[in-house]
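Asker: Now for the letters of each chain:
There are 4 protein chains.
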Amino acid sequence: MRGCGVGGKADGETVPYTSRMTTPPKSSAILLVDCPDRKGLVAAVAEFLYTHNANILHADQHQDAERNVFFMRVEWDLTGFDFDLTDFPAVFGPIAQRYSLRWKLERSDRRHRVALFVSKYDHCLADLLYRHRSGELACDIPLIVANHPDAERWATFYDIPFHVIPVDGANKAAAEAKQIELLKQHNIDLVVLARYMQILSPAFVAEFPMRIINVHHSFLPAFIGARPYHRAFERGVKLIGATSHYVTDNLDEGPIIEQDVMRVSHRDTLDDLLTKGRDLEKGVLSRAVRWHTEHRILVSGNKTVVFD
Amino acid sequence: MRGCGVGGKADGETVPYTSRMTTPPKSSAILLVDCPDRKGLVAAVAEFLYTHNANILHADQHQDAERNVFFMRVEWDLTGFDFDLTDFPAVFGPIAQRYSLRWKLERSDRRHRVALFVSKYDHCLADLLYRHRSGELACDIPLIVANHPDAERWATFYDIPFHVIPVDGANKAAAEAKQIELLKQHNIDLVVLARYMQILSPAFVAEFPMRIINVHHSFLPAFIGARPYHRAFERGVKLIGATSHYVTDNLDEGPIIEQDVMRVSHRDTLDDLLTKGRDLEKGVLSRAVRWHTEHRILVSGNKTVVFD
Amino acid sequence: MRGCGVGGKADGETVPYTSRMTTPPKSSAILLVDCPDRKGLVAAVAEFLYTHNANILHADQHQDAERNVFFMRVEWDLTGFDFDLTDFPAVFGPIAQRYSLRWKLERSDRRHRVALFVSKYDHCLADLLYRHRSGELACDIPLIVANHPDAERWATFYDIPFHVIPVDGANKAAAEAKQIELLKQHNIDLVVLARYMQILSPAFVAEFPMRIINVHHSFLPAFIGARPYHRAFERGVKLIGATSHYVTDNLDEGPIIEQDVMRVSHRDTLDDLLTKGRDLEKGVLSRAVRWHTEHRILVSGNKTVVFD
Amino acid sequence: MRGCGVGGKADGETVPYTSRMTTPPKSSAILLVDCPDRKGLVAAVAEFLYTHNANILHADQHQDAERNVFFMRVEWDLTGFDFDLTDFPAVFGPIAQRYSLRWKLERSDRRHRVALFVSKYDHCLADLLYRHRSGELACDIPLIVANHPDAERWATFYDIPFHVIPVDGANKAAAEAKQIELLKQHNIDLVVLARYMQILSPAFVAEFPMRIINVHHSFLPAFIGARPYHRAFERGVKLIGATSHYVTDNLDEGPIIEQDVMRVSHRDTLDDLLTKGRDLEKGVLSRAVRWHTEHRILVSGNKTVVFD
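Protein chains in written order, with our numbering: chain A, 1 to 308; chain B, 1 to 308; chain C, 1 to 308; chain D, 1 to 308.
Just so you know, these hints were derived from the structure itself, not from any lab.
Model, not experiment: these values are computed from the prediction.
Where hints are given, some of them may not hold.
Since copy identity is lost for identical chains, a pair holds within one copy or between any two.
With a straight-line Cα cutoff of 20 angstroms, these simulated DMTMM-like cross-link-like pairs (lysine to aspartate or glutamate) come out [claimed, not checked]: (1) Lys303 / Asp34; (2) Lys276 / Asp308; (3) Lys178 / Asp87; (4) Lys172 / Asp249; (5) Lys303 / Glu234.
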């Protein structure tokens, strides 16, 4: 469910947070399929769901003609579905095997557990926490990890445990080990780098393949690496951008999830670029997190399919 | 097929028009479904297509939860499909009946026949003809109808019959009768008002329900009616817009197909608004025509579902 | 100075808020001129400033050819300026008289005092307070006025006095009297309606002419009045918008300061529109507040000239 | 004068081209200044113009604080100006010397002479010619130079001399010599590469410093060089772009004039990118040509100041 369910009442007033939080989201199942394209895939899945009395809420598919890959996302209401999802592998297995489907099942009432990583810049952190609080992000945020204490005020305000793990050249491996341990303790599904200014080691990335989202403050592949706004300013571009992407071992080269740009002119100083950029970063990162936690993103090679 | 297949060769050179025109588009069938939502619809259609060896190229669906309406667009390659499309009603009929489906079948090799209406402003006309010539618009344009002779140069350049039918208060009914006769003679599927400055009578509209596309030079529903740029200029808006929509009996109130806007400031004169607006008009009208001729638009009440 | 001066250091880390707050902004003077156009205006002002050793930082002018009005904004560094600004009326008066200039002098070190009005929706409030804290908004915010207690958490977090003044049909006049008294006690220069859901009386508006900024959640003049997102959803628009404007006695018809839009499709629910709209509202309102507090806006009839 | 002066009449009809062409544009002078910043520059220029009874139509200035450079563009109506522009160097010289101003004088009735270079892709050519014909581009186009015959239809349609000069590895120097000779014969001020697919030699570029405008089909500095859309498609970007810039000896690295982007998704094929890209290219190239021919662009190092 996108949107946050606020407002819409005739007097134009919002439902207070508390009551919003208590209305439980409708319980639905989401099946993600990603396999070599062949005839009958849609029929097989649709027939299976119909047989078991599934009420389909949304269905999207995509064929990557270039790679001959088929992608599908089906979401159905669990009310009336005729068997328990714990039996899904057993019941769906044979069909999957017959059509050599690669599949993943998610359920809307099993919310993703997300860890936010931050350094000193706190605009993306504050933005994500506000959106989470207002119901835009259907996930749980059990902890915030920082390499600087500055952002603690937000953890306190939103009442989320805040862990400061300083990182420097010398202790990096130890620091990452401590971070990974924390993430495992809390059964974290997704790591969000909310302007976290440290580069993660391949070892860390390997622990969370396609489950780490970063925001880079440029329109990738332009200005990969450090100080992109400074380089954009020096180059004299007329638009600045920001990009959210999955983290891989190659810096800023993982699958792109979302990008956005804003117009700049000779009147804009470097500070203006930094200021405008913060709004771009908040937008592309929060959309990426929402899409991921709603199971709308499928990775295809180094690209993403986003069923928004 | 979107895009025009030009370029992309290593030397960066395009294939000349002529050869582009000779490569026949792959022949495919497009099934459009629009009916009350119920379980099993996707399964029924997918199963039917699979049984008859259809190779699905694209499939989109949408559920309008508010009105409980189901929309579907499936496109499949006709190569290998196991019966002739002329038998489609007979073969598909029973399934349609069982699930009370409302459906329409189109085939990519039966191109829509489009009539362009124009007055004196020729920017949309010139733009549509260029896009058609370059392969962007998969339709035939057997005639251009004008109430002024000015645009004839374009008809001549693109070698399309040009009919001038002057319209004034007195002869309007007669002029429309003549226009309708022409359109029927040429088996026109779609009428495109490319800045045609006359309002069509309900009688004319009734002849082509949801088959007349107009471009209005404002961001509807703002500035309905005459001289929208002048009123936008007077109001001091910071963005100007344009809208393409299906024509109904209510002026500028038909289903919206596409909209776009451009930023303006105090530095922009009224002429600047008119100039910027022309680019907006070209964009929203050409996209609407492309989507309609590719059978991507379904009308739902006074809204459109665009499977782009 | 636009932007907030954060970041930009080689290690990519930001300066902590506290130290940012202590660096005083360079002290400059801003002269705003708005008068019938005539020859020699620029020469007269430029000559005057040069004579008094002003180091011009920015200068913008605009001629409204339609109304024959001249607008100018000049900002100069006060370092080296050869007389005290308290004498400005006396020293500049004669020139102003000779050229019948209408003028206003502002100084960057005399920050505007801004009151934020809020109801229950707190996204614009939270956004403005974050931008203020991060240095984006060069103003003081001595108080927040609300007709509901919900937003108090933000006042507490940012340590700003929070006044709850309930408003209903019966007590409206009394409530407004109380609000006005508060605003005067705190020498408020600008009132910002951050999704404040009450309509102000002409009497209130008269107290702060062109000094009340409202955000309307539609692309004005479309959907003036109540529940614009609902009406946009019903109309089936393909873009939704938001508008910030000065408040006058005519609801949603005051001079427009800024507008922005976002694309929507048939896939977007009403909740999605509300969610996307919140981001639009934050953007257009915060830009309007920044421009106003930086003295970049001149009102011309019912339009604005924004020297950004 | 921006915009083309069409339309705006109550009956919504445009003035036919011919009559539009006969209304002569108001004759004005444009002074461009670009020099080290210092006090008194504006006063000196404004005072000078006032003394000679200039009626200023537009004035813009910019201070590049980083490089301490001052930029100014002043346009004034020549009616009533008290001396002939042929004497401008003599009359303005002393002031320029006193303030060490670097300056250039243009007059609106001395239209720039523009040569269009094209290969096979003709969308930018057709777009520029249409805009020129409709009055959007205040310049003369005495010739079109092509390395392929394909685009001749447009030259014929718009009645502009068309010169085919084939270029291959062997004859490149000779071909360029022939091109340069043609350009000099026709006193060309500006060369526009309308998707001209040959790289110009440093010798050619040296003949027209900052007087050659190219359009690159990517969002520079992303995808410099060949086949940018293919590389954008492979990278999986979510926005594609186009850039217009002045040509220097470094491929795609000259001062950027204008950039624009369009959203793409996994549904877009490579052909869709090429199609969308054509619209971006038309927009950024035509705006660059308009700004250049209206003397709105000043080059500062490798950046542009655009007084739009």
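Asker: Confirm or reject each hint.
Answerer: The hints, checked one at a time:
In the homo-oligomer, the alpha carbons of Lys303 and Asp34 lie at most 20 angstroms apart inside one protomer (13 angstroms), although the nearest pairing across protomers, at 33 angstroms, exceeds that limit. Proximity of Lys276 to Asp308 under the C-alpha cut-off of 20 angstroms is restricted to the inter-copy arrangement: shortest distance 13 angstroms between copies versus 25 angstroms within a copy. Taking CA atoms no more than 20 angstroms apart as the test, Lys178 paired with Asp87 passes in neither setting, with 36 angstroms inside one copy and 64 angstroms between copies. Taking CA atoms no more than 20 angstroms apart as the test, Lys172 paired with Asp249 passes inside one copy only; the shortest distance there is 16 angstroms, against 44 angstroms between copies.
Taking identical chains as interchangeable, the C-alpha atoms of Lys303 and Glu234 lie at most 20 angstroms apart only when they sit on different chains, with a minimum of 8 angstroms there against 30 angstroms within one chain.
The structure shown violates just one earlier hint, number 3.
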